[in-house]
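When you get a sec, could you build the whole thing from the sequences and use the hints?
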Amino acid sequence: MPMIPDSLPAAQAPEGWQQALTAGFRRVDALLAHCAIDPTQVDADPDSPFPLRVTRHYADLIEKGNPRDPLLLQVLPDTREALEMAGYGEDPVGDRDAEAAPGLIHKYPGRVLLTLTGACAIHCRYCFRRHYPYGASVPDIDGAVFDYLRARPDIHELILSGGDPLMWPNARLAELIEHLGQLPHLRLLRIHSRMPTVLPERIDDGLTALLGRFPGRVTLVIHVNHPRELDRRSATALGRLRQAGVQLLNQSVLLRGINDRAEVLAALSFRLYEQGVLPYYLHRLDRVQGSAHFDLPDAQSCHIHRQLRERLPGYLLPRMVNEIPGTKSKTPAHCG
0 MPMIPDSLPA
10 AQAPEGWQQA
20 LTAGFRRVDA
30 LLAHCAIDPT
40 QVDADPDSPF
50 PLRVTRHYAD
60 LIEKGNPRDP
70 LLLQVLPDTR
80 EALEMAGYGE
90 DPVGDRDAEA
100 APGLIHKYPG
110 RVLLTLTGAC
120 AIHCRYCFRR
130 HYPYGASVPD
140 IDGAVFDYLR
150 ARPDIHELIL
160 SGGDPLMWPN
170 ARLAELIEHL
180 GQLPHLRLLR
190 IHSRMPTVLP
200 ERIDDGLTAL
210 LGRFPGRVTL
220 VIHVNHPREL
230 DRRSATALGR
240 LRQAGVQLLN
250 QSVLLRGIND
260 RAEVLAALSF
270 RLYEQGVLPY
280 YLHRLDRVQG
290 SAHFDLPDAQ
300 SCHIHRQLRE
310 RLPGYLLPRM
320 VNEIPGTKSK
330 TPAHCG
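Heads up: the sequence shown runs through residues 0 to 335, numbered per numbering that gives the first Met the number 0.
Label pairs and their in silico Cβ distance ranges:
hint, residue 1, residue 2, range
1, Lys63, Pro214, 44 to 50 Å
2, His333, Asp203, 41 to 47 Å
3, Asp153, Gln299, 38 to 44 Å
4, Lys329, Tyr272, 19 to 25 Å
5, Pro183, Thr21, 38 to 44 Å
6, Gly64, Asp204, 36 to 42 Å
7, Ala99, Arg231, 37 to 43 Å
8, Arg231, His302, 29 to 35 Å
Just so you know, the hints here were simulated from the structure itself, not pulled from any lab data.
Even glycine gets a Cβ: it sits at the ideal position worked out from N, Cα and C.
Laid out in structure tokens, this is it:
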């Protein structure tokens, strides 16, 4: 299995958030000790080829002494991940077939996705790119990527993804955004990141300033699955982004044992709105190998979404979708 790289892109000096990043947890025993959980209470795999990585901030949000805490279950390597399950693959959303250039994925009309890095501040156990060959798909930003973007005036949106694109230091992001601003047809910049909620220190003055330099609209899509992931520090980080003019959306994944109840998802939508974020998508699980224990039957997923629809005003109801390889958009779940 290809390993997701841990190293950060080179920078002249560590930024404050990078120092906070190094204080995170990399060993299962250390995380369980921090959370006051007896190792015999969980079926953890300390030697998983997809290693544990958790920030101290996120670990502090985990309920102490609770081996079934929904935040813990999102990050703790589980022995069931090693099971080979039919219908679950290494590229469940068809990324590799859609590469226009290394690291540049063009699936949908009018927009492309750039995997800046394979590194993340936190490793989600259901990650659909946990097997993605980042080492063989390093984007040539100044070469193939910009050549492709210049030659395609029909592309109006660039999505920065990964890994987590905010693992890049501010200096490199500023240079990238300056170059993107020279493409007049590129009017929208979208960034997908968990940083505001797992490493709030990342949302610093340098980042908000450089996002403001892009001549078009900037949207940041965060990824929160449970209302307890949002606290006063995430509220501060998200507030700084809003003050910089960044549109904030959230996407969640429907996960067994984590947010598979309508009351939990409703509480999440209200908490997001309190912090200035609109619910966007509720994804059905992308069936990546190692994630089957998080999956839910279609009928149960639809039942949850119907209950959620009864509890929320329309503007707070996330759309439940599937990602099907080869299609031209996300596919709405037809639940009636």
